[in-house]
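> Sequence:
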Amino acid sequence: MDWKMTLGGTFSDFLSRRNVVRLLLFWLAGVVLVGAYAGVLKRSDSEAVPVDYATACGRNETGAVAAWRKDSSSASAPAYRIAFDNLRAENASLGVFKTACVKVVHVENVRVVFFADGMASCDLGALLAPREQGASGANPLGLFNEPEESDTAWSKPVDLANTTEVRIRRLDWRICRADRTVFHVRCQHATLRSDTSRMVLRGHVTMTTPDAVLESNCVQIDVGDESIVAPGRYSLSCDGTVRVGQAARFNMMLEPTCGNSSEMEGDQGWANGLWLGSF
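Sequential numbering from 30 applies to the sequence shown in this note's numbering.
Keep in mind that the hints were calculated from the coordinates and are not lab data. It should be emphasised that the depicted structure is a prediction, and the values quoted were computed from it without experimental measurement. For glycine and all other residues, C-beta sits at the position ideal for the given N, C-alpha and C. A portion of the hints provided could be inaccurate.
[Stated by the list, open to error] Okay, the calculated beta carbon distance ranges per label pair:
(1) A93 <-> T225: 26 to 36 Å
(2) R110 <-> T225: 19 to 29 Å
(3) T286 <-> T210: 21 to 31 Å
(4) S264 <-> R88: 23 to 33 Å
(5) T225 <-> N115: 20 to 30 Å
(6) D251 <-> T193: 11 to 21 Å
All chains, full assembly: derive it from the sequences and hints.
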């Protein structure tokens with residue numbers, strides 16, 4: 030195409046109808062080529078990276094995670110498996126946190142299975158609970174207290190050593206022995222804190238053992254102490270009968286035990302301090 034200006038020509042001659050049409054066609058051809066090239070690059074990237082990994086997470090969250098671990102003393106027996114939809118630090122990035130600040134961690138839709146034959150401890154707190162300030166060593170199960178050195182698109186280091194509180198929304202927790210569920214907990218909210226060994230479960234809490242089912246809106250559990258407290262109203266189904274009461278203590282088999290009523294009143298007050306809006 031030859032549409033150059035001559036020394037004797039004018040600007041109006043350059044903008045003749047023929048030259049304008051040529052210019053528009055040239056410009057449109059360039060747009061089409063650039064668009065086609067961008068489409069090829071986008072298709073190549075989408076084929077190379079799975080959709081599940083294409084969504085970028087913020088520096089303070091992990092996205093969906095599924096993990097399992099075998100018992101160190103047995104090559105075949107599993108210790109536990111865990112999956113959740115997201116883990117998010119409320120006021121800090123994940124990884125090794127080097128300042129004096131503390132953080133709250135939110136975990137969405139946690140599904141945990143402990144295999145009692147493959148491990149000595151079945152404490153959910155040992156897996157996710159924050160450590161008390163000044164405590165040394167990793168948690169017994171050490172899922173998150175072994176931060177990785179690198180931060181890549183495929184892995185993100187998580188360190189809960191200085192976390193003051195872990196808030197779980199939707200929890201499904203099982204303890205299995207010989208392919209049989211011996212303890213099952215489901216609830217809408219769970220809270221673990223560094224200043225206490227107790228875990229608070231709220232929102233249609235259901236605990237199931239082979240012989241009993243406990244239901245309440247608020248339950249506190251301490252696996253290390255092997256005690257379960259329902260500070261408010263509860264219903265207990267056992268041997269075909271249903272018992273309804275208020276403020277009771279149970280063992281891990283959901284058998285009622287003697288408890289101090291003043292302690293349970295104190296537990297109720299502490300639990301009420303955990304307002305649902307914080308979840």
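> With reference to the structure, classify each hint as holding or not holding.
Results for each hint:
The hinted window of 26 to 36 Å between A93 and T225 holds, with their beta carbons roughly 29 Å apart. The hinted window of 19 to 29 Å between R110 and T225 holds, with their beta carbons roughly 27 Å apart. A hinted range of 21 to 31 Å holds for the C-beta pair T286 and T210, which are about 23 Å apart. Between S264 and R88 the C-beta distance comes to about 44 Å, which lies outside the given range of 23 to 33 Å.
Checked against the hint of 20 to 30 Å, the C-beta distance between T225 and N115 comes to roughly 25 Å, which is consistent with it. Evaluation of the 11 to 21 Å hint for D251 and T193 yields a pass: the beta carbon distance comes to about 18 Å.
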